[in-house]
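Going line by line, the protein sequences match chains Z and U. According to the numbering used here, the residues represented by the first sequence are 261 to 656, in order. According to the numbering used here, the residues represented by the second sequence are 261 to 656, in order.
What the hints contain is simulated information worked out from the structure, not anything from laboratory work. On a predicted model such as this, the values are computed, not experimentally measured, just so you know. Mixed in with the good hints there might be a few duds.
As the list claims (entries may be wrong) - A few chain U residues that face chain Z, going by a derived Cβ cut-off under 8 Å, partial list only:
hint, residue
1, Leu346
2, Ala348
3, His350
4, His353
5, Gly368
6, Ser371
7, Arg376
8, Glu462
9, Ile463
10, Asp485
11, Ala604
12, Gly606
To be verified - Covered stretches of chain U, going by a simulated chain Z footprint (3 or more residues, C-beta under 8 Å):
hint, stretch
13, 417-424
14, 536-545
15, 568-580
Glycine residues also receive a C-beta, built at the ideal position from the N, C-alpha and C atoms.
Number of protein chains: 2
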Amino acid sequence: MELDVDLSALRSALEADDRDGYLIDDDASDADQRYVSGFTAPDPYQTLVTADGVHLLVSGLEYGRAVTESSADTVTRRSTYDYQKLVAEHGGHEAKSRMLAAFLEDHGVESIAVPRTFPTGTADGLRERGVDVAVESEGIVEDIRATKTAWELEQIRATQRANEAAMAAAEELLATAEVRDDGTLVHGGEALTSERVTEEIEITLLRHGCGLDDTIVACGADGADPHDRGSGPLKADELIVVDIFPRDKETGYFADMTRTFARGDPGEEARRRYAVTEDAYEAALEAVEAGVTGADVHGAACDVLEDAGYATLRSDPSTETGFIHSTGHGVGLDIHEQPSVSPAGGELLAGHVISIEPGLYDPEIGGVRIEDLIVVTEDGYENLTDYRVGLEPTAE
Amino acid sequence: MELDVDLSALRSALEADDRDGYLIDDDASDADQRYVSGFTAPDPYQTLVTADGVHLLVSGLEYGRAVTESSADTVTRRSTYDYQKLVAEHGGHEAKSRMLAAFLEDHGVESIAVPRTFPTGTADGLRERGVDVAVESEGIVEDIRATKTAWELEQIRATQRANEAAMAAAEELLATAEVRDDGTLVHGGEALTSERVTEEIEITLLRHGCGLDDTIVACGADGADPHDRGSGPLKADELIVVDIFPRDKETGYFADMTRTFARGDPGEEARRRYAVTEDAYEAALEAVEAGVTGADVHGAACDVLEDAGYATLRSDPSTETGFIHSTGHGVGLDIHEQPSVSPAGGELLAGHVISIEPGLYDPEIGGVRIEDLIVVTEDGYENLTDYRVGLEPTAE
Numbered sequence: 261m262e263l264d265v266d267l268s269a270l271r272s273a274l275e276a277d278d279r280d281g282y283l284i285d286d287d288a289s290d291a292d293q294r295y296v297s298g299f300t301a302p303d304p305y306q307t308l309v310t311a312d313g314v315h316l317l318v319s320g321l322e323y324g325r326a327v328t329e330s331s332a333d334t335v336t337r338r339s340t341y342d343y344q345k346l347v348a349e350h351g352g353h354e355a356k357s358r359m360l361a362a363f364l365e366d367h368g369v370e371s372i373a374v375p376r377t378f379p380t381g382t383a384d385g386l387r388e389r390g391v392d393v394a395v396e397s398e399g400i401v402e403d404i405r406a407t408k409t410a411w412e413l414e415q416i417r418a419t420q421r422a423n424e425a426a427m428a429a430a431e432e433l434l435a436t437a438e439v440r441d442d443g444t445l446v447h448g449g450e451a452l453t454s455e456r457v458t459e460e461i462e463i464t465l466l467r468h469g470c471g472l473d474d475t476i477v478a479c480g481a482d483g484a485d486p487h488d489r490g491s492g493p494l495k496a497d498e499l500i501v502v503d504i505f506p507r508d509k510e511t512g513y514f515a516d517m518t519r520t521f522a523r524g525d526p527g528e529e530a531r532r533r534y535a536v537t538e539d540a541y542e543a544a545l546e547a548v549e550a551g552v553t554g555a556d557v558h559g560a561a562c563d564v565l566e567d568a569g570y571a572t573l574r575s576d577p578s579t580e581t582g583f584i585h586s587t588g589h590g591v592g593l594d595i596h597e598q599p600s601v602s603p604a605g606g607e608l609l610a611g612h613v614i615s616i617e618p619g620l621y622d623p624e625i626g627g628v629r630i631e632d633l634i635v636v637t638e639d640g641y642e643n644l645t646d647y648r649v650g651l652e653p654t655a656e
Numbered sequence: 261m262e263l264d265v266d267l268s269a270l271r272s273a274l275e276a277d278d279r280d281g282y283l284i285d286d287d288a289s290d291a292d293q294r295y296v297s298g299f300t301a302p303d304p305y306q307t308l309v310t311a312d313g314v315h316l317l318v319s320g321l322e323y324g325r326a327v328t329e330s331s332a333d334t335v336t337r338r339s340t341y342d343y344q345k346l347v348a349e350h351g352g353h354e355a356k357s358r359m360l361a362a363f364l365e366d367h368g369v370e371s372i373a374v375p376r377t378f379p380t381g382t383a384d385g386l387r388e389r390g391v392d393v394a395v396e397s398e399g400i401v402e403d404i405r406a407t408k409t410a411w412e413l414e415q416i417r418a419t420q421r422a423n424e425a426a427m428a429a430a431e432e433l434l435a436t437a438e439v440r441d442d443g444t445l446v447h448g449g450e451a452l453t454s455e456r457v458t459e460e461i462e463i464t465l466l467r468h469g470c471g472l473d474d475t476i477v478a479c480g481a482d483g484a485d486p487h488d489r490g491s492g493p494l495k496a497d498e499l500i501v502v503d504i505f506p507r508d509k510e511t512g513y514f515a516d517m518t519r520t521f522a523r524g525d526p527g528e529e530a531r532r533r534y535a536v537t538e539d540a541y542e543a544a545l546e547a548v549e550a551g552v553t554g555a556d557v558h559g560a561a562c563d564v565l566e567d568a569g570y571a572t573l574r575s576d577p578s579t580e581t582g583f584i585h586s587t588g589h590g591v592g593l594d595i596h597e598q599p600s601v602s603p604a605g606g607e608l609l610a611g612h613v614i615s616i617e618p619g620l621y622d623p624e625i626g627g628v629r630i631e632d633l634i635v636v637t638e639d640g641y642e643n644l645t646d647y648r649v650g651l652e653p654t655a656e
């Protein structure tokens with residue numbers, strides 16, 4: 261198994277809580293299930309972790325692939341429990357409870373821990389059938405996932421390589437655009453819009469085997485809302501935030517990077533904000549090493565931004581301008597996962613992959629954000645991002 | 261509000277069960293929440309339906325957009341409940357329970373119904389705080405969603421237009437490929453692979469504002485596994501299944517279509533299977549009208565296939581060849597939603613959007629599947645798909 265998952269922390273927790281197993285009932289959009297099962301399918305399936313193995317329950321359609329591709333020790337198909345007959349007799353809801361209760365019984369499991377996101381319908385159905393169901397609220401699997409194996413790091417690096425190609429394609433469009441008298445950017449005779457740059461990013465990622473749900477190419481006031489994807493014509497003398505978070509279609513691993521550009525002159529305050537954000541980004545990077553907390557790293561970024569006179573959520577929890585999000589987050593099979601680089605961020609461990617992405621926002625000025633993806637090491641970090649930091653876009 | 265949602269069936273159910281509200285705790289990947297709230301966000305948020313309105317609870321980052329874009333009657337931000345302070349004091353799990361309990365209290369809600377997929381962690385947390393939580397196991401919101409409004413039909417039509425363009429691009433590649441002596445298809449001097457056709461499909465969809473997670477371009481034995489996406493060189497004299505299910509990036513509405521092609525001669529049995537599948541597809545379409553059940557329509561397809569001598573899951577529940585899936589499924593904000601066109605399929609209503617997609621599978625022969633997307637009407641159906649059915653690929 262390439263992924264080479266170590267579930268011993270989960271098994272220890274099960275033993276400590278006197279639980280026979282850990283059950284996930286979700287589809288492959290649940291990163292924990294994908295990680296634990298080594299399997300992905302379009303429809304829901306179930307993964308049971310016991311002391312002696314990992315056990316999958318899948319539809320007949322998925323059975324062959326699950327046997328070949330998953331990392332599970334056993335794979336059972338639903339028809340073993342006459343699932344279709346149960347559905348016809350009892351409806352889908354009760355059929356599922358009955359099937360799962362039988363599946364657990366076959367594995368000698370009477371008490372289970374489940375993730376917080378475990379469906380209440382399934383939990384209540386199993387409880388009615390005498391299974392003892394307790395929520396594992398610590399997020400142990402997400403904690404295990406936070407520390408990447410060597411294989412996982414390779415996959416994340418590969419996605420970030422694709423991301424760099426996409427960022428370069430976007431930057432080249434910005435760099436080679438002409439500026440009309442009204443300040444709008446024009447490329448190949450047509451207005452250069454957020455949508456056009458986004459399309460170029462997406463096509464570049466596709467050619468590298470990656471996809472994405474969203475990209476941010478946000479100009480001016482759009483960029484001052486960190487969740488605004490941006491739209492319409494891009495303009496000179498304005499800040500343009502480009503944030504790309506692609507996912508490799510095959511492996512499922514994400515990467516993440518942000519750069520902020522401006523053609524022409526965005527003004528003195530915008531340039532100052534860029535410089536201060538870059539200082540905060542460097543201070544946060546400097547603070548990273550195994551043993552410090554995500555809160556420490558977030559604090560390092562806040563220190564720089566507050567010292568320069570900008571509000572942060574630390575200095576003013578209700579501010580809507582300044583630094584209004586966390587410094588970073590874990591990246592892996594989820595785009596946002598553990599560990600957190602925020603006031604709530606716990607200890608960073610070697611092998612944690614995190615983004616470092618301070619920013620400053622104000623609708624009057626626009627947005628600035630600079631983001632790299634790094635892996636924490638014993639004595640610092642290794643940057644997984646190989647992309648120049650600079651406000652002025654350049655071609656190649 | 262464009263979507264124009266009618267939640268009266270949900271409110272009646274709440275009243276009948278003596279529940280004060282219906283609570284969803286999920287992210288925008290939950291179609292029910294997107295539908296009920298008219299809102300989509302990258303991070304989890306909560307939607308509460310009461311007798312007097314729809315109420316959102318969102319992070320500060322989403323607040324402005326939620327006020328502007330959502331269809332909710334009220335929008336509350338988490339900071340109203342000092343969420344960050346609660347996280348710092350009690351950890352994320354308990355903080356969320358406390359915040360939600362306070363949010364419910366503010367709306368005078370003491371007892372809630374929740375969807376089956378509601379997180380057990382949240383349900384148990386609220387129960388510990390005295391909230392009466394019961395699972396709504398009927399899937400009322402999914403039932404409401406199954407009947408499309410005029411606006412929704414327009415969105416699905418638009419996605420299917422993009423899908424037709426993508427299918428045409430794929431078919432053109434197959435039609436204009438040359439056949440090498442070893443039977444492999446070649447295009448522009450390079451091997452025509454499943455991956456290359458998939459890329460062409462994806463780029464075409466991107467240019468139409470649509471994206472997709474998966475596409476199936478499966479040749480020969482690959483096509484005999486309905487969930488295999490296909491890979492490697494495409495060959496003449498083999499069946500090639502092309503199944504495309506894109507989603508409009510803006511509206512979130514899916515479409516779905518499958519065609520099966522063959523260059524050269526796939527053999528007599530393959531041609532017979534194509535003809536029988538086309539007959540089953542026509543029989544299923546013919547059976548559709550408001551008032552019949554999804555099971556009836558599925559039965560019409562099974563009749564044709566069984567009469568022609570092929571196994572179905574109806575004639576042999578354990579078969580791994582023949583017709584090994586349902587005849588169709590609802591399509592909307594989810595790619596698989598209500599109603600079901602399967603042995604479990606209930607009554608079809610005017611406005612239901614369903615796929616009709618019988619198929620025949622055998623690793624020795626390959627796969628055949630023909631799929632259109634239709635909307636059920638009072639006296640039949642309207643086909644939302646405008647694409648020729650034919651085994652031989654043609655350009656334009």
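**Prompt:** Which of the numbered hints above does this structure break?
**Reply:** The structure breaks hints 1, 3, 5, 6, 12, 13, 14; every other hint is satisfied.
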